[in-house]
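Residue numbers (our numbering), protein chains in the order written: chain X, 156 to 550; chain D, 239 to 593; chain W, 3 to 87.
Honestly, the hints are just simulated from the structure, not real lab data.
Wrong hints could be hidden among the right ones.
Unchecked claim - Estimated spans, in silico, between C-beta atoms of each pair:
#1 X:A359 / W:D21: 39 to 47 Å
#2 X:G275 / W:E82: 39 to 47 Å
#3 D:E464 / X:Q249: 52 to 60 Å
#4 X:Q249 / W:G39: 31 to 39 Å
#5 X:G391 / W:Q53: 53 to 61 Å
#6 W:D21 / X:T157: 41 to 49 Å
#7 X:S198 / D:G482: 39 to 47 Å
#8 W:G39 / D:T321: 19 to 27 Å
#9 D:T447 / W:Q53: 40 to 48 Å
#10 X:G437 / W:T23: 54 to 62 Å
#11 X:S277 / D:V266: 38 to 46 Å
What the hints assert, rightly or not - Distance condition first, Cα-Cα at most 25 Å in a straight line; then the derived BS3-like pairs of lysine-lysine:
#12 W:K6 / W:K61
#13 D:K294 / W:K6
#14 W:K61 / X:K369
We treat Cβ as the ideally placed atom computed from N, Cα and C, and that holds for glycine.
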Amino acid sequence: MTSAQPVPITGLGCLCAAGPNLSACMQNLFGGMRVPRPPSRFSTTHPVRFPVFEIMDDLPLPGAGLSRTCRLALAAAHEAVLDAGLPPDLLRGQRVGVCIGTTVGCTFNNEEFYRDFRSGGSPAPELVRRFLQSNPASAIAREFDLNGPCQTLVNACSSGTDAIGIAADWIRSGICDIAIAGGADELSRVTYNGFISLLITDSAPCRPFDRDRKGLNLGEGAAMLVLESARSASGGNRPPRATVLGYGLACDAHHLTAPHPDGAGLKRAMHDALAQSGIDVGNIAFVNAHGTGTPDNDRVESGVLAEMLPGVPFLSTKGYTGHTLGAAGAIEAAFTVACLTAGRIPASAGFVTQDPALPVSPVRTVTAVRTRAAMSQSLAFGGNNGVLVIGGSPA
Amino acid sequence: MTMRLAIQGLGPVGGFGSGTAALERALVTAASCPHLTPVPSFSADTAGLEAFVERKTLRRMDHFSRMAMLGAFLALEDAGRLTAGRERLGLVLASGYGAARTTFAFLDSSMDHGDVCASPTSFSTSVHNAAAANIAIVLDLHGPTITVSQFELSVPSALLTAGQWLTAGRVDAVLFGSVDEFCPVIEYGLQRLHADQNPPPPQSSPGGTVPPGEGAVFFLLTRVGEESRYGVITDIRLGTVANGEPRIATDAVVVVNDQRGAMDADTTAPVPAPAPPRAVSYTPVYGRLPVGPAFDMAIAALACRHGLTAATRNHAEPAAHPIPPPSHLLNAPSITCLVLGRDNTFGLITSSGRG
Amino acid sequence: MTTKEQLKQILVSDLNLEDMTPEQIPDDSPLFGQGLGLDSLDAVELVVIVQRHFGVEIKDMQEARSAFQTVETLATLIDERRPTT
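Excised from the complex, chain X in its bound form (with noise of 0.2 Å):
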């Protein structure tokens, strides 16, 4: 990879169990706050109840008759669109790329409709229709009437971060001069019982790091970035709020759901999108780890770590948000842009004790940071790594 230009992020929009906007989540980051609970929307029969991080009921969101997962994306994008001062009739149909991580957002799951389907039953097929028409990327395309590609990327838990990514490719490459992109999932108790019965879920608050994580709680939500070229942000009236700097993608093909002991996709990932970006590690001010909370994950992650960023202050958000699947990686590049804004990250939420098996540590309390460039990673199943490199506003 040789470095490239950056491309300007001109809004960001974000909401999740941390808050409705990406302000109040930024606020409760800040102020420590974290509200896992039972999931409200669904039950199950495990004696259980694993907390979840859940978007209350009580918001108002877009997209009336489609999924969830596009409900929320559709939330994001206004907020980003607004935030980057874009008025919509500006961008009815032109060229704007929308490239959108999910997992549950491209699955048709729903099982009122398969057992009933199963048991010889006729189920209506209304459920198929809200699938059809639920692909995410397209629902912000149609939304805003856009007339570029649109990408959904199915690449499990790092989607979010492969989707900025790649737009921000698509825009380098002159594929389109604006794109939105980012990542977005709902809770859904089909994943709740895939991540249980993998027992990689914690019974207790997820605790990324901590020497007695038990695993990840799952969360939802969503987060879009408005990228433009250059020229296109230059005629903004504002200056861009960062930059992507680099992205590295990189598959470890190890194991279907084990990260690779060494982290060597992980590595190779970073080592791309530092490359691509042109800076050295030494400009990075702090990472934005994966940091799921469970053994395995942070295990790789902290030595990974250590080995590439010796010294580099690092946290998981997913404290704060649960695991969001394919937003994940979206919403926590839109903290990691809030975070270089605000010259602070918030403490690594559910770390206590120190693992002596980890050579590194995220940060207990509120830090102080530079504000040149910063780090976000995600890892996934499938063996997937995504790395973003996140340059701070040049103001």
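Fit chains D and W to the known structure of chain X by using the hints.
Chains D and W in isolation, oriented as in the chain X frame:
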């Protein structure tokens, strides 16, 4: 986006069999017969995979991953690169519905035995990127890997990023693949959704009269520089049908894959696609499935390589687009594979034998 | 049929050990790594399999690790905890 991508290898798997020879045979003899159970469909057989991989390796792999894996091996073999270095090889996979049958197998596990007995193997195999992960593991691919799911536009959308990676030098070659599997649950829903629509959906649309298909098609793509074995991809575009778009060269032959939903048919703008004989459709050869455009791409690639003699099969209803005489695809200066999707969207992939 | 025999049949069928017969699995062969060659995903599947076929709950990976050493150790655990019918 205009770009120049070379196709070095081709690995098709479908109801017609597997490998380029099987696809050519189906095109020439129109011998690809749909199976009749559980509903008429083109089902793909993956027995050929054992020539490449030990059975033990396939132990946990579902049909979806196996189809993709077979396509990947066939494309590498066809390119003569089964043993070549893969250090700077990317993997881009497109799928409209993902591993749908395994998704329902996971639901079966909790419905049959309770939530505490939900199967972790089914869950992790049902994730959309499981096929790409399995391919990366078996082929030992450490480069960039993504899976794209954009329903009927999955193929052009994923190809756009594959092309960008090659053009910008992120990788030196891309194993570009597509896969969809027949799923009775989704098919039931599509049939119900479109049953009472008037006018009926286009024959290759979800719920249309062409039987559903399944399969995988893989391509080994490089930058143009080394000679291309299957012509050159020159243009990839996605957008909305409006204001004269999609614009297509007047002398191009257009392979149409009309996947507009029935509800779209009333409201869509007229498509500025050429009339027969310049427009052709091959869905009756491989069935209707979201990643159908990958099969069209493969047929265009074969035409670019050696002069394909394509025949059309008579289907239950007259083909909307008669197949042109054999020389037609060959003599065209370029072939545009056009897919029409829901909400007035389109994707197109243009290739040319003359590079 | 003994618990061990039953368990071997279930291992072959439910974990798709295609090139093995139940009789080929020694009682004391390690299930993971060099022995049967199972991995971490098989381990969590095995937790579900044991619950489903024998009604015996294994509550986390720590417990699983000690129970899943060999067919012998797992059969012993199942026999100890199996609900009496």
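Results for each hint:
Distance hint check for A359 of chain X and D21 of chain W: the Cβ-Cβ separation is about 42 Å, which falls inside the suggested range of 39 to 47 Å. Distance hint for G275 of chain X and E82 of chain W: a CB-CB separation of about 41 Å, consistent with the stated range 39 to 47 Å. In this structure, E464 of chain D and Q249 of chain X break the distance hint of 52 to 60 Å, their C-beta atoms being roughly 37 Å apart. Between Q249 of chain X and G39 of chain W the Cβ separation comes to about 55 Å, which falls outside the hinted range of 31 to 39 Å.
For the pair G391 of chain X and Q53 of chain W, the beta carbons lie near 58 Å from each other, so the given range of 53 to 61 Å is met. Remark: the range hint 41 to 49 Å for D21 of chain W to T157 of chain X is upheld by a beta-carbon distance near 47 Å. A C-beta distance of roughly 54 Å is found between S198 of chain X and G482 of chain D, which places it outside the suggested range of 39 to 47 Å. For G39 of chain W and T321 of chain D, the hinted distance range of 19 to 27 Å is satisfied, since their beta carbons lie about 25 Å from each other.
Between T447 of chain D and Q53 of chain W the beta carbons are some 46 Å apart, a value that agrees with the proposed interval 40 to 48 Å. A beta carbon spacing of about 60 Å between G437 of chain X and T23 of chain W agrees with the range 54 to 62 Å that was offered as a hint. With their beta carbons about 41 Å apart, S277 of chain X and V266 of chain D fall inside the hinted range of 38 to 46 Å. In summary, the hint linking K6 of chain W to K61 of chain W is supported, as the alpha carbons are separated by about 21 Å, within the 25 Å threshold.
Under the criterion of a C-alpha separation no larger than 25 Å, the hint pairing K294 of chain D with K6 of chain W is consistent with the structure, at around 23 Å. Between K61 of chain W and K369 of chain X the CA atoms are separated by roughly 12 Å; this keeps the pair inside 25 Å, and the hint holds.
Of the hints listed earlier, those the structure fails to meet are numbers 3, 4 and 7, in rising order.
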